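Let's have the full structure, built from the sequences with the hints guiding it.
Heads up: the sequence lines are chains H, S and Z, in that order.
For the first sequence, the tail end lands on 312 under our numbering, and the numbers increase by one without skipping.
For the second sequence, the tail end lands on 279 under our numbering, and the numbers increase by one without skipping.
For the third sequence, the tail end lands on 213 under our numbering, and the numbers increase by one without skipping.
These are computed hints drawn from the structure, not numbers from a lab.
Keep in mind it's a predicted model, so treat the numbers as computed, not measured.
Note that CB positions come from ideal geometry on N, CA and C, so glycine has one too.
You may find that some hints are simply not true.
Said to hold, decoys possible - Where chain S lies over chain Z, by a calculated footprint (3+ residues, C-beta under 8 Å):
(1) 72-84
(2) 192-203
Unchecked claim - Simulated pairs of lysine-lysine, PhoX-like, Cα-Cα distance not exceeding 20 Å:
(3) K176(S) / K154(Z)
(4) K154(Z) / K181(Z)
(5) K154(Z) / K177(S)
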Amino acid sequence: MAEYLLEVEHLALNFYRHKGFAGQESLSPVVDLSLKLMAGEILAVVGSSGSGKSLLASAVLGILPGNCREQGLIKYRGQVLTKILRQSLRGSDIRLIPQSVSYLNPLYTIGWQLKQAALAAGVTPALVRTEITEAITRYELPESTLKLFPHQLSGGMARRVLTATATMGSPRLLIADEPTTGLDEDLITESLKFLKTLADDGCGILIITHDLSAVTDFADYVTVFIDGLSVETCQTETVVQQGWTTLKHPYSRALWRSLPVMDFWDGLPENSGRHSHGCPFASRCEGCQDLCLAHHPNISNTNEREYVRCHF
Amino acid sequence: MTCCRTGESRTGFSFYYFRHLILALLFLLGLIALRLFLDSSGLGTNLTLMEEAPSWRHPFGTDSLGRDMLIRTVYGLMVSLKVGLMAATISALIALTLGVAGAIFGRWADLAVTWLVDVGMSLPHLVLLILISFAVGGGEKGVMLAVALSHWPSLTRVLRAEALQLKSAPYVVISKKFGRSSWYIATRHFLPHLVPQFLIGLLLLFPHAILHEAALSFLGFGLNPHTPAVGILLAESLQHLSTGCWWLGVLPGLLLVMTVKMFDVIGAGVKKYFTPYKD
Amino acid sequence: MSAAISKSLESGLAGRQLSFRYDRKLPWLFRGLDISIAPGEAVGLTGPSGAGKSTLAQILAGFIKPLSGSLMFNDKPLPQKGFSPVQYIYQHPQLAVNPRWTGGQIVAEAFQPSEELLDMLEISADWLNRYPHELSGGELQRMAVARALGPETKCLLADELSAMLDPLTQALIWRTLINYKNKGLSLLVISHDRHLMTKVCDRMLPLKRFDQP
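Spelled out as structure tokens, the structure:
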């Protein structure tokens with residue numbers, strides 16, 4: 001059996017915060033999330049903005065806030081990712097390509113930050129210089145970029161710089177958080193092409209995004225995430241070639257079908273009828289039955305890689 | 001595991017979270033209650049009780065004319081509170097009007113407001129206070145006006161900055177394209193955002209107003225020397241400090257400082273209430 | 001030829017000889033640009049980033065004054081006061097609504113939207129009692145669209161209006177807008193999504209970078 005680079009099994013995240021003298025309230029942005037990623041692949045986790053999918057990146061990197069309780073299992077190359085392991089792997093094996101330049105320190109030059117990224121990645125100090133030169137030539141950044149500060153970068157340059165910081169040394173797993181937001185079409189294509197190249201070099205790439213239509217041409221697999229549940233994982237190629245009817249879950253069917261490149265179908269808008277039990281899609285599903293409202297379905301695997309979470 | 005229930009939340013006013021605010025309010029209410037229920041006969045002169053040190057009968061001692069110092073201090077603080085409340089309210093209203101006007105009526109209005117603020121802030125505070133109070137003819141009215149007319153600039157600056165930020169907020173820009181008038185935008189879009197700032201500013205002006213009222217009276221430009229105002233009590237006490245009557249200055253002074261501090265605490269509490277996320 | 005066109009009566013929104021740059025030291029974003037959108041027409045604005053697509057949309061909306069040129073509506077200067085026939089929808093609905101207003105107040109700021117419009121955008125009645133932080137981006141954006149589609153709205157500028165939304169909400173909003181377009185609404189569309197542009201727009205207007213000083 002092939003070894004997965006990253007496996008997430010039934011991840012659930014609960015946030016607790018104090019309210020009043022002795023009160024507490026809890027939020028569960030992630031209820032049950034499962035995914036598998038192999039080296040050299042791109043997997044996109046797609047869900048609407050603000051649905052909590054970015055927390056997946058924080059969980060894998062081990063940077064969740066203290067009031068968060070985690071359940072489930074995260075495995076990296078077959079090994080369970082413990083807190084200590086996450087700490088030692090983040091920045092070296094596992095990297096984040098952040099959403100925007102606001103993740104860079106505004107007070108230091110790009111050169112300085114690339115150097116820090118290289119050192120954190122375990123590049124020996126003697127080789128840092130060459131590593132940086134390689135990175136900026138790889139992403140066609142002029143030498144003068146190194147002297148600039150984050151706020152002086154244009155949108156396209158910012159993407160390249162962020163990708164460059166994440167690819168110092170030899171990462172194995174890259175997590176790209178919303179790599180397309182706020183970019184125009186050319187830059188989206190460019191940004192995703194960089195990720196494709198990295199995947200071809202053997203990296204595993206996890207894209208977290210709300211923009212399904214942007215990633216359909218690049219991702220090998222797509223996992224659809226709705227209200228804390230991952231409802232379906234499918235091979236992108238199959239759907240693009242054979243249409244949305246090959247999908248099994250009614251929500252992912254609707255999602256794909258509504259893309260402008262497919263039917264641009266508008267039958268099912270999002271609705272905030274959130275409930276703690278049952279399938280999050282139940283209230284909008286045509287085939288909804290009592291069972292769907294009672295508890296959320298378990299995963300049933302179609303094959304080794306693809307699964308669907310539906311009672312029917 | 002017993003502590004956490006999923007999906008539950010408790011909302012509403014938390015007594016623990018606002019304990020400081022509540023204690024401060026109780027303190028002020030206590031002061032007002034004292035004013036209402038204390039026997040005012042202690043205000044009269046009683047030459048048999050001259051310069052007595054603090055005791056159970058006279059917790060703050062008596063002065064050189066045998067008057068009870070606790071009663072005098074409480075009466076004095078009430079005068080201070082009244083003057084402070086009026087002055088701070090007038091001041092804060094001036095600030096609100098100028099701040100919003102600066103943002104709404106275009107560039108020239110804004111320049112005028114900024115200029116006024118600069119002028120107000122560049123004049124030495126106490127000199128301005130003395131001048132205004134003197135020009136109006138002193139007394140309660142003089143102090144009130146002096147404090148009111150000299151304390152608006154800093155709050156104006158805060159409110160103007162806030163209003164300017166709102167002015168470029170997308171929903172205000174859209175509101176204009178909906179054909180909404182400046183008045184509508186000022187009252188419906190700006191005010192709800194400025195009210196918390198305004199209230200906090202008002203409460204934080206309060207201690208300033210009280211202290212400056214005391215300062216003016218202390219220097220002799222404020223209230224009539226026969227009214228029991230804290231400033232006057234403190235001024236009088238100066239003459240008796242050397243004779244060992246420490247309670248004449250220390251105790252009223254202490255109560256003044258505590259009252260002022262309580263307003264500070266209330267201001268902070270109200271701020272916490274309106275902007276809980278800025279902890 | 002252009003003289004003949006500009007002489008003839010033209011309905012809809014038109015920008016004449018528009019020029020703009022943000023600073024004297026910066027290059028022109030556009031100079032002497034002519035743009036017109038007829039009633040019932042959807043024009044897609046394309047071009048590389050930095051070409052000034054958003055700036056042009058904001059000039060047409062009247063948010064920014066062009067350095068030269070004029071905005072015409074039905075061959076008359078675009079009115080500066082009153083309800084503007086040209087409305088603009090922001091990309092981030094969270095910023096475009098007053099956070100201290102309820103949904104009901106937000107939707108009805110300019111006029112009371114018809115039941116039909118609210119139904120078309122599937123805005124449910126209980127959102128009207130909620131505050132913006134209790135509503136999702138997709139729900140807020142639908143309300144922002146409803147509030148802009150007044151009886152006097154003749155032209156809608158959609159600058160990445162659905163970039164932050166899920167495909168389902170995106171499709172719903174565009175169905176509504178196309179419905180209004182068929183009744184005579186003009187649309188200016190800016191989007192990074194090529195497929196969306198081809199589905200929605202009648203013609204494309206490419207903006208080029210204008211790099212000469």
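Hints versus structure:
1. 72-84: holds (count 4)
2. 192-203: That given contact is violated, which follows from only 0 residues of the region 192-203 of chain Z lying within Cβ reach (below 8 Å) of chain S.
3. K176(S) / K154(Z): Satisfied, since the Cα-Cα distance of roughly 17 Å is no more than 20 Å.
4. K154(Z) / K181(Z): holds (9 Å)
5. K154(Z) / K177(S): Holds: K154(Z) and K177(S) sit about 13 Å apart, inside 20 Å.
Checked against the numbered hints given earlier, this structure breaks only hint 2.
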